[in-house]
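Quick note: the sequence shown uses numbering that gives the first Met the number 0, first residue 0, plus one each step.
It is worth saying that the hints were derived from the structure and are not from the lab.
There may be inaccurate statements among the hints.
Derived CB-CB ranges, DEER-like [claimed, not checked]: (1) His67 - Arg122: 48 to 54 angstroms; (2) Arg122 - Leu189: 18 to 24 angstroms; (3) Thr96 - Leu209: 19 to 25 angstroms; (4) Lys149 - Ser224: 21 to 27 angstroms; (5) Ser159 - Leu93: 23 to 29 angstroms; (6) Phe206 - Pro49: 33 to 39 angstroms; (7) Glu164 - Val202: 22 to 28 angstroms; (8) Lys124 - Ile213: 24 to 30 angstroms; (9) Pro49 - Ala177: 32 to 38 angstroms; (10) Val60 - Arg142: 34 to 40 angstroms; (11) His200 - Glu164: 21 to 27 angstroms; (12) Glu164 - Thr140: 18 to 24 angstroms; (13) Gly191 - Glu70: 32 to 38 angstroms.
Taking lysine-lysine pairs in the DSBU-like style, the calculated list, with each CA pair at most 30 angstroms apart, reads [claimed, not checked]: (14) Lys225 - Lys157; (15) Lys236 - Lys149; (16) Lys124 - Lys150; (17) Lys157 - Lys18; (18) Lys157 - Lys232; (19) Lys225 - Lys124; (20) Lys225 - Lys18; (21) Lys236 - Lys105; (22) Lys150 - Lys237; (23) Lys232 - Lys18; (24) Lys105 - Lys190; (25) Lys150 - Lys105; (26) Lys225 - Lys136.
Even glycine gets a Cβ: it sits at the ideal position worked out from N, Cα and C.
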Amino acid sequence: MQKCEGPLSFIEDPAQTPKILDIGCAEGRLLSAFLGYGCQCWGIEHPSYPSQRFLNSDRIVYLQNDLHVAELPEGAFDLIFLWHTLEHMDEPQLIMTRLYQLLGPKGAIIVAVPNFSSMEARRFKRFWFHLDIPWHKYHFTERSLGYLIKKSHLRIVKMSTYCFEQGPYGLIQSILNALGWPHNEFYEALKGSLNHRRSVHIVVQFFLVLFLLIPAFFVSLILSSKGRGPVLKLILKK
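Build out the structure end to end from the sequences listed, making use of the hints.
So this is what it looks like as structure tokens:
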């Protein structure tokens, strides 16, 4: 069996067959990538998610259930992903406590949430790209998330506020929102939710995105270097 390298390189003494858990796995693209490393993969998704979308369902264990009641091997997982999921969930303290129970002694939890204390959140307020109410039930600052992690008996081994995927684009979308277009309209169009009656507006926004792309990249890089980027990304261990 191929040994897990690269994505698991920061785990101390990884297991022969590392176990991966993705909370809010959607169709399982992330887990499918780990199959190539010889990993055992579990994914948890909402019961309403269409199960026919799951990828490699013959090789990945998909559970459509609440994390608290899902049958999972405790203390067994080498890597747990909570990637832009925690802000959507009820009772985050119970979620983190449950993940502590599931995490192996040398495993790691990868967490990403919008940074409510970022420059973008403070500057754009209700126009902020990540202020996705009511889908985002909680908004975290570095301090509040750190408190939650400490109460769960976990420790932070690495933290960053830079996100190449959502940093520059999130700033641009916040600007578009502040200019008066419907909230995150261009982002929704990119995901396929295109209102053809609004196609001219989308085209105009597209050219604005091209114009703002390079400046937004450098602004995002500078803010992230000061710890004020739009996303909190952390690696946690016991």
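Distance restraint evaluation - lysine 149, serine 224, Cβ atoms, bounds 21 to 27 angstroms
With Cβ atoms ~25 angstroms apart, the hint holds.
Could you say whether the range 19 to 25 angstroms given as a hint is met by the Cβ separation of threonine 96 and leucine 209?
45 angstroms, violated
Lysine 225 paired with lysine 136 [C-alpha distance capped at 30 angstroms]:
Cα-Cα ~27 angstroms, so holds.
Between lysine 124 and lysine 150, does the CA-CA distance stay at or below 30 angstroms?
Measuring from Cα to Cα gives roughly 29 angstroms; hence the hint holds.
Taking 24 to 30 angstroms as the stated bounds, is the beta-carbon spacing between lysine 124 and isoleucine 213 within them?
The hinted range 24 to 30 angstroms holds for lysine 124 and isoleucine 213, with Cβ atoms some 25 angstroms apart.
Does lysine 105 sit within 30 angstroms of lysine 150, going by the straight-line distance between their CA atoms?
19 angstroms, holds
Given the hint that lysine 232 pairs with lysine 18, does the C-alpha gap stay at or below 30 angstroms?
Within the cut-off at roughly 21 angstroms; holds.
With 32 to 38 angstroms as the target window, see if proline 49 and alanine 177 comply at their CB atoms.
Given a distance of about 35 angstroms, which is inside 32 to 38 angstroms, the answer is holds.
Look at the Cβ atoms of glutamate 164 and valine 202 and judge whether their distance stays inside 22 to 28 angstroms.
Holds, at about 23 angstroms.
Using the beta carbons of histidine 200 and glutamate 164, state whether their distance is inside 21 to 27 angstroms or not.
24 angstroms, holds
Holds or violated: lysine 225 to lysine 157, with C-alpha atoms at most 30 angstroms apart:
At roughly 15 angstroms apart (the allowed maximum being 30 angstroms), lysine 157 and lysine 225 satisfy the hint.
May I ask you to test the hint 23 to 29 angstroms on the CB atoms belonging to serine 159 and leucine 93?
26 angstroms, holds
In summary, the numbered hints that this structure violates are 1, 3, 20 and 24.
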